[in-house]
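Given the coordinates of chain A, assemble chain B onto it according to the supplied hints.
2 protein chains.
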Amino acid sequence: MNGADALIETLVANEVTACFANPGTSEMQFVSALDRQPAMRPVLCLFEGVATGAADGYGRMTDKPACTLLHLGPGYGNGLANLHNARRAFTPIINVIGDHATYHRQYDAPLNSDIPTIVGPNSIWVKSADTPDSVAAIAAEAVSASYGPPGGPVSLILPADSAWLPASTKPVVANVPVRAAPTGEAVDVVAKAIRAAAKPVLLLGSQATRAEALVQASRLAAAGFRVLTDTFIARQPRGAGVFQPGRMQYFGEAALADLQGVDLMVYVGTVTPVAFFAYPDRPSVLVPEGCETLTLSTRQEDSVAGLAALADALGAPASGPVQPLKVADASPTGPLTPQAAGVSIARYLPEGAIICDDSVTSGGGVAVPCATAKPHDVLALTGGAIGIGGPLAIGAAVAKPDSKVVSLNGDGSAMYTVQSLWTMAREKLDVTVVVFANHSYRILNIEMGRTGSGNPGPSASKLLDLGDPKIDWVSVAKGLGLPAVRCETAEEFDVAFARAMAEPGPKFIEAAI
Amino acid sequence: MNGADALIETLVANEVTACFANPGTSEMQFVSALDRQPAMRPVLCLFEGVATGAADGYGRMTDKPACTLLHLGPGYGNGLANLHNARRAFTPIINVIGDHATYHRQYDAPLNSDIPTIVGPNSIWVKSADTPDSVAAIAAEAVSASYGPPGGPVSLILPADSAWLPASTKPVVANVPVRAAPTGEAVDVVAKAIRAAAKPVLLLGSQATRAEALVQASRLAAAGFRVLTDTFIARQPRGAGVFQPGRMQYFGEAALADLQGVDLMVYVGTVTPVAFFAYPDRPSVLVPEGCETLTLSTRQEDSVAGLAALADALGAPASGPVQPLKVADASPTGPLTPQAAGVSIARYLPEGAIICDDSVTSGGGVAVPCATAKPHDVLALTGGAIGIGGPLAIGAAVAKPDSKVVSLNGDGSAMYTVQSLWTMAREKLDVTVVVFANHSYRILNIEMGRTGSGNPGPSASKLLDLGDPKIDWVSVAKGLGLPAVRCETAEEFDVAFARAMAEPGPKFIEAAI
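Chains as they are written, first to last, in this note's numbering: chain A, 1 to 513; chain B, 1 to 513.
The following block holds chain A by itself, in its conformation from the complex (with noise of 0.2 Å):
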């Protein structure tokens, strides 16, 4: 057993058994240790922007870290903006990050950078295994921190010297942190206050968003209380069946118009609203003036059990509203929309999918007729880097062989990490890919507006347009081994989505919108 095995060992003894890959020479070890544990599935990713959202969908879907593998700083980097997605999304991720031998490091070789800075602002736990004996207990370690609460990345270093000298350490077996719930007298003060409050709002986020806090959610809902999330989740239950509490409007404008008289906030699994971005004479802050805030939960608390506890002390019923199951009879026709996609999408997802979005501007449409839908769950982006529709597909298929994942993306968000639908057909996973093209960073002429920046011009045009030329998703998707299609009529998309829901494995949709 060399440093490589203990590591993985410890891995799968703490039931981190998937590895979204891209190796170098410094990651060999590790890679033909993977040959010795079976239990740990190796999934190359042709690009680490794929394999750190990837391990984002699966932790999001089984509450366990999935590892990744990397390739020294620059490695890292390249997984970088889907990691600051995950940090958004509170996701256990173990990076493992190989290293130049301990001794070479000294000689500043080409690859060689300073890991520790680059992974810190993104990593929750960050160590290097410096000896071989030292990396199953530095590994259990880096278990742990993973759980948080709330979780999130972690980068555990490992220097090519750790991993091919002999280790004589047994696999260690990780503690796994419990939340620990809010007191009763934190329960007593928020539902004093929302006692006597005129017009008290809930606000959820994190491990509040998740099925066994929506139903105690329902519960004050049905006491009348009004319930909202956060506007980014990054997992949450939706369909037929499950309590839909409202969300946090995008533009501050509208979020505060919407928020009018709240005289009280309590937050839940969550903290105090902000804007996305800052805009010329335009609030910061996503709380009225004068509004009172309380938290019930805080992040690293468990919010299922504040929830029972509040709708308990509030007198709520034993259960509250959820949402029928309703979705269209026929196909919509005319002009393909994301209104009329999102109308097929609805009509045709099966229980139990997974839908990852990265959709921007177009998903807005797709959430309305889904909110009927049979129940499933969303994925989103908590962290506004662009690119992660694919990647968390491809977690969320390995992490649930038997769920439908469907992945939704604008065409910019897609081509940031378009490596993902490789793998896909790779692993056969069963996932549909639908890309909205409307070949334009359309957000940002919105936003252009909105920041006081007057109409694109030539130079800022062409910096906002994708359209000259026009991507051909089809041909690509196709050059990377995806079955693939394009419609551009909200018939064709209907059959197309209604075959790709109908039969296994991976799809491709272009979306003419």
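Since no wrong hints were added, every one of them can be taken at face value.
Cut-off 27 Å, straight-line C-alpha distance, at most; resulting in silico cross-link-like pairs (BS3-like, lysine-lysine):
{"hint": "1", "chain 1": "B", "residue 1": "478", "chain 2": "A", "residue 2": "478"}
{"hint": "2", "chain 1": "B", "residue 1": "374", "chain 2": "B", "residue 2": "400"}
{"hint": "3", "chain 1": "B", "residue 1": "478", "chain 2": "A", "residue 2": "428"}
{"hint": "4", "chain 1": "A", "residue 1": "400", "chain 2": "A", "residue 2": "374"}
{"hint": "5", "chain 1": "B", "residue 1": "428", "chain 2": "A", "residue 2": "478"}
{"hint": "6", "chain 1": "B", "residue 1": "478", "chain 2": "A", "residue 2": "462"}
Covered stretches of chain B (chain A as the covering partner; in silico rule of three or more C-beta atoms under 8 Å from a C-beta of chain A):
{"hint": "7", "stretch": "24-33"}
{"hint": "8", "stretch": "160-171"}
{"hint": "9", "stretch": "275-282"}
{"hint": "10", "stretch": "371-384"}
{"hint": "11", "stretch": "457-463"}
Since the hints were derived computationally from the structure, they do not count as laboratory data. Even for Gly, the Cβ is constructed at its ideal location relative to N, Cα and C.
Same frame as chain A, but now just chain B:
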């Protein structure tokens, strides 16, 4: 004039006139200001790694910085790997990184992260322009810092409010630092040591591999001294009429075998050579035991002056050996190999062409015949982070619109920044992209054995092989807007490459090797 105008005006006043960009909301003021200053050419890249690699290619060919426009920490992260390469190439680059408005940072909005920390390891200078009136002076400082010497990427963080608020300052002219020549004393010490040595070697890197330096180095070769370069070079002329030094071998044991008996190594614009990676029981430092080492000129100093002074001190002739012009008369025949492709490339490469080389295991086959082709420049992968062949070519083509640019790539490398093909199509750049498709991370199959990891089993093979499914590169390239052809024989490649050199505009060739 607002802060964004102040930035662009100062950049243009200092001859920074190309902007490789992928903007977001926080950069909309910069985008809008581009409309008011047409001297700055905006080039949209669909992924930030394309933008940073393009800025590297531009900087290598002009010795002036381009700027990038990146969207907060994640946007920079996407460009990090190619900035790692640029740092190792000592290329001046001005990264303009948009950030939240200064007053909005405290709220930790979803796209917030610790930008100064993330950018630190790959920046030779970092500053945030936190008021609009500071922008022009800080921009001039950034330009100055990017020149070094020896130059490198700098990071200018531009908060959204510094961009949108009025700025009263005029453009500021940057001080461009000049390299100091090594002292006469330093030259004398080296000259004396060389005369005394039995088997001296000069090792050239950074500025010492450029055309003017090679003219002086050839004089030393003519005087009987062996001249080598670093293994990976930012920019080096090659071909007929050019002095071609030897090259440090990639594998450490081969390098040391090549240097056997050498008793003096003289560094010219470089430092102690080290192995690219460490391996069990193999050397890290590639200097023979007991060999003396001296520095003629550091990377900060003027190596051209140093080499000229040394050649004078040693009484070297006024000129030295250069390569003859010698290319194959006829097309190679039979199966397509990198060697056969190299013969064809050498046959048709026009004078003044620029080869951007990210072809890993296929590169050696091309280098040999091109050593006697018409004179051209070669830009290599300096930092080991693959995925730079396409981006470098974009930058080189923008920098030198009258030159043919040839981008040579492994298939694993090309997939990293495949988005670069679209920018070539949009900008109608005169780039011919060759992808050597062996459907494997071939180098890792070699490295696996060298690291003592044994032969790949089923899991390891899954991480080294790209052949299931085989990427249809022609389909991918056509989908991204390039005319594309697949060549399976040497004859087919010869015809395709001849045509690509005869016609202007972007072309794609899949070399099925």
